[in-house]
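**Student:** Sequence:
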Amino acid sequence: GGPRPLPGQEVSVKVLGALEDGGLVERDPRLIFVPGHGDVPRRARPQALELGVPTMQPGEVSFFLAAFPYAYGRPGSREPDVPPEAPLLFEVTLLEVRDGPDPQPLPPAVRLRLGSQRRERGNFHFARADFAAALRSYRLSLRALDGPTTAPPGPEEEEELQEQRVKCLNNCAASELKLGRAEEALAACEAALRISPDNGRALLRRGQVGLVWPHSTPLPSARPSSQPPLLSPQLLAEQGRDAEAALVLRRALELDPANKVIHTELSRLAKRQSLPSNT
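Mapping to the UniProt record's numbering: the sequence shown position 119 is 119, numbers consecutive.
Because the hints were derived from the structure by calculation, they are not lab data. There may be inaccurate statements among the hints.
Here are the computed lysine-lysine pairs in the PhoX-like style, where the Cα-Cα straight-line distance is at most 25 Å [unchecked claim]:
1) K260 / K271
2) K167 / K271
3) K178 / K167
4) K260 / K178
5) K271 / K178
Let the sequences and hints guide you as you build the complete structure.
**Tutor:** Structure below.
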């Protein structure tokens, strides 16, 4: 008995995984991970365990029948031998729950691996329209990428770290937009553009939301107050400031002329501007 794992706590579990015919494909006497951090080894597939273990109490034994998206995916696996689109039955024993460890210095390569795992986890949630969970995973990815390191990254590692940060920040912005939090989306866009000023995706996100000058609520960031916050396209239309969003989108289009999404957003702005006024 005892309380269920809380967000950020570390768990130890015993895992057995079998195919429908009873063939054993997973056996781990003590797997340690933090649910929601995307740190379960790829072979164990985080979806089934990360979603199931937080519902358990210490000492409890649970059985999780995982459809293939939560097991080894559509292609299956070679090691162990799992057929395509195969469901798995997991027997999981929750051995221990404890407070998560403090962030430890990690080699740059490990930081990159953890950051990528957590971003992929966020993409999994985003594809299923669980935008709050996706945002948590993207933030955890950034925490891994920005965490303490055992040695300075080399030039190639630093370049990859920056690329991963920009991807995560863009994904954070997309999640914030889906959650209707325009100001937070702007903060993520601007952070990405500080790293990569000509990043087309960050410019696109910024243009999708639109720029207006502040009226009452300041943006929750450390930017100088003279910088404009981001509000929704609907409010932008009400304010008559479509032209500012169009400028940002045109800049993005210069960087990526074939991007259909940018063309679509510009077309939406043009159509809105062409509508007759109600006055």
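**Student:** With reference to the structure, classify each hint as holding or not holding.
**Tutor:** Tested hints:
Restraint check for K260 and K271: the C-alpha separation of about 16 Å stays at or below 25 Å, so the hint holds. Under the criterion of a C-alpha separation no larger than 25 Å, the hint pairing K167 with K271 is inconsistent with the structure, at around 31 Å. At most 25 Å may separate the alpha-carbon atoms for a hinted pair to count; K178 and K167 meet this at roughly 17 Å. With a CA separation close to 20 Å, the supplied pair K260 and K178 stays within the 25 Å bound.
Distance restraint check for K271 and K178: the Cα-Cα separation of roughly 23 Å lies within the 25 Å cut-off, and the hinted pair is therefore satisfied.
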